[in-house]
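Novice: Residue numbers (our numbering), protein chains in the order written: chain A, 1 to 265; chain B, 1 to 265; chain C, 1 to 302; chain D, 1 to 302.
Note that these hints are calculated values from the structure, not bench results.
All values derive from a computational prediction rather than experimental measurement.
We treat Cβ as the ideally placed atom computed from N, Cα and C, and that holds for glycine.
Please note that the accuracy of each hint is not assured.
Quick list of simulated restraints, FRET-style, between CB atoms [said to hold, decoys possible]:
1) B:Ala-74 with A:Ser-82: 26 to 34 Å
2) D:Asn-92 with A:Ala-209: 53 to 61 Å
3) D:Glu-82 with A:Glu-262: 25 to 33 Å
4) C:Ala-299 with A:Lys-79: 25 to 33 Å
5) D:Glu-248 with C:Ile-137: 29 to 37 Å
6) C:Ala-299 with A:Cys-200: 47 to 55 Å
7) D:Asp-199 with B:Ile-263: 49 to 57 Å
8) C:Glu-286 with A:Glu-16: 21 to 29 Å
Below, a sample of chain C positions facing chain D; criterion: calculated Cβ distance under 10 Å [said to hold, decoys possible]:
9) Ser-30
10) Ala-218
11) Val-227
12) Gln-229
13) Glu-252
14) Gly-302
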Amino acid sequence: MTMKQKQTATVIFQQEIAPAIYDMWIGTSLAQNALPGQFLCVYPKDRSTLLPRPISICEVREDKAALRIVYRVAGQGTKEFSHYQAEDTIDIMGTLGNGFPVEAAAGKKVFLMGGGIGIPPMLQLAKALNAVTDRENIQVIVGYRDSLTFLQEDLVRYGQVYIATEDGSTGTKGNVMNVIEERGLKADLIYACGPMPMLCAIKRYAAQANIPAYISLEEHMACGVGACLGCVVKTRDMDHHSHVHNARICTEGPVFEAGEVEIGG
Amino acid sequence: MTMKQKQTATVIFQQEIAPAIYDMWIGTSLAQNALPGQFLCVYPKDRSTLLPRPISICEVREDKAALRIVYRVAGQGTKEFSHYQAEDTIDIMGTLGNGFPVEAAAGKKVFLMGGGIGIPPMLQLAKALNAVTDRENIQVIVGYRDSLTFLQEDLVRYGQVYIATEDGSTGTKGNVMNVIEERGLKADLIYACGPMPMLCAIKRYAAQANIPAYISLEEHMACGVGACLGCVVKTRDMDHHSHVHNARICTEGPVFEAGEVEIGG
Amino acid sequence: MNTQTIIAGITFKNPVMTASGTFGSGMEYSEFVDLNQLGAVVTKGVANVPWPGNPTPRVAEVYGGMLNAIGLQNPGIDVFMERDIPFLKQYNTKIIVNVCGKTVEDYVEVVEKLGDEPAVSMLEINVSCPNVKEGAIAFGQKADALSHITKEVKKHAKQPIIMKLSPNVTDIGEMAKAAEAAGADALSLINTLTGMKIDIHRRKFAIANKTGGMSGPAIKPIAVRMVYQAAHAVQIPIIGMGGIATAEDAIEFILAGASAVSVGAMNFVNPYTTVEVVKGIEAYMEQYHVEKLADLIGAVEG
Amino acid sequence: MNTQTIIAGITFKNPVMTASGTFGSGMEYSEFVDLNQLGAVVTKGVANVPWPGNPTPRVAEVYGGMLNAIGLQNPGIDVFMERDIPFLKQYNTKIIVNVCGKTVEDYVEVVEKLGDEPAVSMLEINVSCPNVKEGAIAFGQKADALSHITKEVKKHAKQPIIMKLSPNVTDIGEMAKAAEAAGADALSLINTLTGMKIDIHRRKFAIANKTGGMSGPAIKPIAVRMVYQAAHAVQIPIIGMGGIATAEDAIEFILAGASAVSVGAMNFVNPYTTVEVVKGIEAYMEQYHVEKLADLIGAVEG
Numbered sequence: 001m002t003m004k005q006k007q008t009a010t011v012i013f014q015q016e017i018a019p020a021i022y023d024m025w026i027g028t029s030l031a032q033n034a035l036p037g038q039f040l041c042v043y044p045k046d047r048s049t050l051l052p053r054p055i056s057i058c059e060v061r062e063d064k065a066a067l068r069i070v071y072r073v074a075g076q077g078t079k080e081f082s083h084y085q086a087e088d089t090i091d092i093m094g095t096l097g098n099g100f101p102v103e104a105a106a107g108k109k110v111f112l113m114g115g116g117i118g119i120p121p122m123l124q125l126a127k128a129l130n131a132v133t134d135r136e137n138i139q140v141i142v143g144y145r146d147s148l149t150f151l152q153e154d155l156v157r158y159g160q161v162y163i164a165t166e167d168g169s170t171g172t173k174g175n176v177m178n179v180i181e182e183r184g185l186k187a188d189l190i191y192a193c194g195p196m197p198m199l200c201a202i203k204r205y206a207a208q209a210n211i212p213a214y215i216s217l218e219e220h221m222a223c224g225v226g227a228c229l230g231c232v233v234k235t236r237d238m239d240h241h242s243h244v245h246n247a248r249i250c251t252e253g254p255v256f257e258a259g260e261v262e263i264g265g
Numbered sequence: 001m002t003m004k005q006k007q008t009a010t011v012i013f014q015q016e017i018a019p020a021i022y023d024m025w026i027g028t029s030l031a032q033n034a035l036p037g038q039f040l041c042v043y044p045k046d047r048s049t050l051l052p053r054p055i056s057i058c059e060v061r062e063d064k065a066a067l068r069i070v071y072r073v074a075g076q077g078t079k080e081f082s083h084y085q086a087e088d089t090i091d092i093m094g095t096l097g098n099g100f101p102v103e104a105a106a107g108k109k110v111f112l113m114g115g116g117i118g119i120p121p122m123l124q125l126a127k128a129l130n131a132v133t134d135r136e137n138i139q140v141i142v143g144y145r146d147s148l149t150f151l152q153e154d155l156v157r158y159g160q161v162y163i164a165t166e167d168g169s170t171g172t173k174g175n176v177m178n179v180i181e182e183r184g185l186k187a188d189l190i191y192a193c194g195p196m197p198m199l200c201a202i203k204r205y206a207a208q209a210n211i212p213a214y215i216s217l218e219e220h221m222a223c224g225v226g227a228c229l230g231c232v233v234k235t236r237d238m239d240h241h242s243h244v245h246n247a248r249i250c251t252e253g254p255v256f257e258a259g260e261v262e263i264g265g
Numbered sequence: 001m002n003t004q005t006i007i008a009g010i011t012f013k014n015p016v017m018t019a020s021g022t023f024g025s026g027m028e029y030s031e032f033v034d035l036n037q038l039g040a041v042v043t044k045g046v047a048n049v050p051w052p053g054n055p056t057p058r059v060a061e062v063y064g065g066m067l068n069a070i071g072l073q074n075p076g077i078d079v080f081m082e083r084d085i086p087f088l089k090q091y092n093t094k095i096i097v098n099v100c101g102k103t104v105e106d107y108v109e110v111v112e113k114l115g116d117e118p119a120v121s122m123l124e125i126n127v128s129c130p131n132v133k134e135g136a137i138a139f140g141q142k143a144d145a146l147s148h149i150t151k152e153v154k155k156h157a158k159q160p161i162i163m164k165l166s167p168n169v170t171d172i173g174e175m176a177k178a179a180e181a182a183g184a185d186a187l188s189l190i191n192t193l194t195g196m197k198i199d200i201h202r203r204k205f206a207i208a209n210k211t212g213g214m215s216g217p218a219i220k221p222i223a224v225r226m227v228y229q230a231a232h233a234v235q236i237p238i239i240g241m242g243g244i245a246t247a248e249d250a251i252e253f254i255l256a257g258a259s260a261v262s263v264g265a266m267n268f269v270n271p272y273t274t275v276e277v278v279k280g281i282e283a284y285m286e287q288y289h290v291e292k293l294a295d296l297i298g299a300v301e302g
Numbered sequence: 001m002n003t004q005t006i007i008a009g010i011t012f013k014n015p016v017m018t019a020s021g022t023f024g025s026g027m028e029y030s031e032f033v034d035l036n037q038l039g040a041v042v043t044k045g046v047a048n049v050p051w052p053g054n055p056t057p058r059v060a061e062v063y064g065g066m067l068n069a070i071g072l073q074n075p076g077i078d079v080f081m082e083r084d085i086p087f088l089k090q091y092n093t094k095i096i097v098n099v100c101g102k103t104v105e106d107y108v109e110v111v112e113k114l115g116d117e118p119a120v121s122m123l124e125i126n127v128s129c130p131n132v133k134e135g136a137i138a139f140g141q142k143a144d145a146l147s148h149i150t151k152e153v154k155k156h157a158k159q160p161i162i163m164k165l166s167p168n169v170t171d172i173g174e175m176a177k178a179a180e181a182a183g184a185d186a187l188s189l190i191n192t193l194t195g196m197k198i199d200i201h202r203r204k205f206a207i208a209n210k211t212g213g214m215s216g217p218a219i220k221p222i223a224v225r226m227v228y229q230a231a232h233a234v235q236i237p238i239i240g241m242g243g244i245a246t247a248e249d250a251i252e253f254i255l256a257g258a259s260a261v262s263v264g265a266m267n268f269v270n271p272y273t274t275v276e277v278v279k280g281i282e283a284y285m286e287q288y289h290v291e292k293l294a295d296l297i298g299a300v301e302g
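The following block holds chain A by itself, in its conformation from the complex (with noise of 0.2 Å):
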């Protein structure tokens, strides 16, 4: 596994790409050893908001000298990130979490699921996909509340992209089911990010179907690297650190094949 790190790394450039959704590229060494579905903590300068935020990496720089965030203003530390500008330092530690298993799309036809901010970390896998599978197997289904969309634009050139809206303003109306439901698509794995109703519905289906979906969960941390048991699921087998069926989130995931945890119970 990759070394972990917590360093001050330098904002390239930031831009609010929807209402209150924010688009950063941060200069760090940390983008060497990224993989898609991992994430990175990010700190507050403000000594009143100490915890990390954990946003997941949206996309790596061919170069690799450089990691690409989108992320939701969602309190006081989302805020102080956003006003951050080209130059400025940001507190990141990284790499962290297990990430999507790309190899296991060797010559598939995938689903990316995609659900608002749950839509970023597919970027990354869209495109590292590209090397194990064909294009045109790659079908990126992603959810949003209404025609202000994100994302969009850098999604179609890796893969087959198909909309939902819950306004219906554009494309399907309602969820990523949906899409799938009216357009009649099939798979024979999927990857999820999104809101816990939204992977539910994926376990469910992916059950039904009887093909892996590989979900990406989020919980509140504290330390982000396994030390503190904040952000732990519950699993179907004992899991190796505590041996009590829970499974650390930060460590052990974000990323789990939905049959071994138990979420939406």
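Position chains B, C and D against the provided structure of chain A, taking the given hints into account.
Specialist: For chains B, C and D alone, kept in the frame of chain A given last:
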């Protein structure tokens, strides 16, 4: 008395004028009523450091649209201030305190005695005194640690400046009292600001010389407006607020006639 | 939208008050905020005679808050009634007087004098003062002492009494029950947590009194927890406080079970805090279509 | 310059340890810091059998700190001794194992098994776990319960025992005395303060367990005060902790009377904190010409 206000003002200019001593001009409407010897409360932006830093007013710009403060970096709050640059915002409250009684010097020969970071308020005071007494009556006696002095070039424009340094590298070796002895200076009235030992010596000197001495006191403050009763000094007479011989430095002060307060007891 | 809250039969226009000792008698902050907009002004503690308070330094900054050991400097009840009450009477807000003492008799003397002043709506009894007859441990740290002083004060009080609880206890619920059983009309909590700061360069205490009462946003989670526990231990209304800086903080206390809230140390940081909290609570009620404040009290789920 | 500190006859190369539950068994942080540089690694609490811990969310951020209600998830003493102890043995640092339990018998079982492991220098007894036989109030919140468990553990322990005190008490000095009288070889404090956070938009508790233990810089002044009070109540050495983020913080605890210090929640914020504190203490001793750490213990004036 002047209406107090807390506001977000703008930094016009800042530079380090001696080791850890910073000189900042702030554009603020509070300059309109600022008096020599009054102070501002400056609030750090980092939310872990909440209390205001009381900083005396060094100079008021002629157009009364800007204030100058000169302060020493002593802790995290002042360290934060020292990083502010032109056009950054700065949170301030003012103008606070009573200030020095300028009229008392009408036609008199006076000492303006400043020690270390107690020197800055002497600048605006010296300027103001030029309206009520002759320039040669204004004897500014300032004490520094070493030859790394500050505000001298400003002070000489408004009075006769005499310097003391602890290491003797410039001017009289020792403190401001040594200057008086060495040069046999005389005055009808004293204004002073500086460390407690210096103020105690001045109180004794003034008592012996039987002249009034207006000294500016410092104390840890929380509210800066007289509500918390944190910054009190024992007084000879009963105070009007609590009737217990404790005056509030932020409100009844920071300037007191030396005889009124029990210091260095 | 109705932001009124009722405590011991008294109706307050809104639930926002000032924490005793952080707002004087309102005079100093009347330059910054319109006192007419506050639910009540809770005055600084007043004793039967003037108290000179502690030596300086009396205050120190700590991470996310402050320590204070003012020592309840106050001019005594007589000056207070001649000067501070008439000042506050000018405003359309309720007056709650905080009472402190070194012995039960001290408290009773102040309470009786205030009984003659109809402008005073309620009395808040500060039981964190050292009980000189009990080896200076605070009245508020032992259930029996708290019960005793509550009963004595209640006997002589013409106005409803609020017992202000100390958080420096093992079981806040037990203290709340003791006060209620002894006749308290309401409770306010938390008072400050005892803290200490040492200047490592001078190797001296940052506060002359060695220890000081800690307040500010840093203590809010402890305060919310105690308000929740007290609210589940008693039937009488609770005034919640401890690090409230924003309307969001105030609402957290209300959802935990507080019928009203007080802004304390943050008055020192932002003198406009009280009115900002009033406005923010209204905005929250509007956003979530809450018709009356009462619907929020203790409304946390689970 | 000598940074060694001696506790219960055991010499630690320096006074910097890790607070139980914030450093696992060192494995995760060995990627960031050289464990050989630490005075000791204090492990996460281990029970006689695996504990699954609490439902999520288990952690929440608060102003200047955090709340946690992990529920002492742990693999049980057997896995711990097969896996974690051998890992820690590779390093030149002392091993202190934190022990938790639901009944006195649980504690004793773990303590006896650890007695066979000479690599373990000391045992830290977590008495903030709910005592299931006493209506789930923590052992550490009642002097008699604390005294009882201390005696029982001491009877069976081969290593010196550190009783880790809960700060959620009225009189920390009384608890410290009870532990000392019952045979404790050392004390560590403070454990977390019980706090609560409510999400006002969802009107739900931020932590599934409703309350959580508060840690981080926000609680430091309360911790320093309790360490000072405990140090003046007992003769046995004290390991101080509570919000330590820098060497300055650590020195504040030492001046207050701590013989050693532990870095807790700040490991999560800056994984290099422990070694930075070690270096910073050395720099302070050099700056002020302090020859041995012992000269700083309890050296605050006045």
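Novice: Evaluate each hint against the coordinates.
Specialist: Structure-based check of all given hints:
1. B:Ala-74 with A:Ser-82: 26 to 34 Å: holds, 32 Å
2. D:Asn-92 with A:Ala-209: 53 to 61 Å: Given a distance of about 55 Å, which is inside 53 to 61 Å, the answer is holds.
3. D:Glu-82 with A:Glu-262: 25 to 33 Å: Check passed, 27 Å falls within 25 to 33 Å.
4. C:Ala-299 with A:Lys-79: 25 to 33 Å: Cβ of Ala-299 of chain C to Cβ of Lys-79 of chain A: about 27 Å, so the range 25 to 33 Å holds.
5. D:Glu-248 with C:Ile-137: 29 to 37 Å: At roughly 32 Å between Cβ atoms, Ile-137 of chain C and Glu-248 of chain D fall inside 29 to 37 Å, so the hint holds.
6. C:Ala-299 with A:Cys-200: 47 to 55 Å: Given about 28 Å between the Cβ atoms, the range is violated.
7. D:Asp-199 with B:Ile-263: 49 to 57 Å: For Ile-263 of chain B against Asp-199 of chain D, whose Cβ atoms are near 51 Å apart, the range 49 to 57 Å holds.
8. C:Glu-286 with A:Glu-16: 21 to 29 Å: At 27 Å between Cβs, range holds.
9. Ser-30: violated, 29 Å
10. Ala-218: holds, 4 Å
11. Val-227: Because about 9 Å separates Val-227 of chain C from the closest Cβ in chain D, which is inside the 10 Å limit, the hint holds.
12. Gln-229: holds, 9 Å
13. Glu-252: holds, 5 Å
14. Gly-302: With a closest approach of 6 Å, the Gly-302 of chain C hint holds.
Hint compliance for this structure: hints 6 and 9 are not met, and every other hint is.
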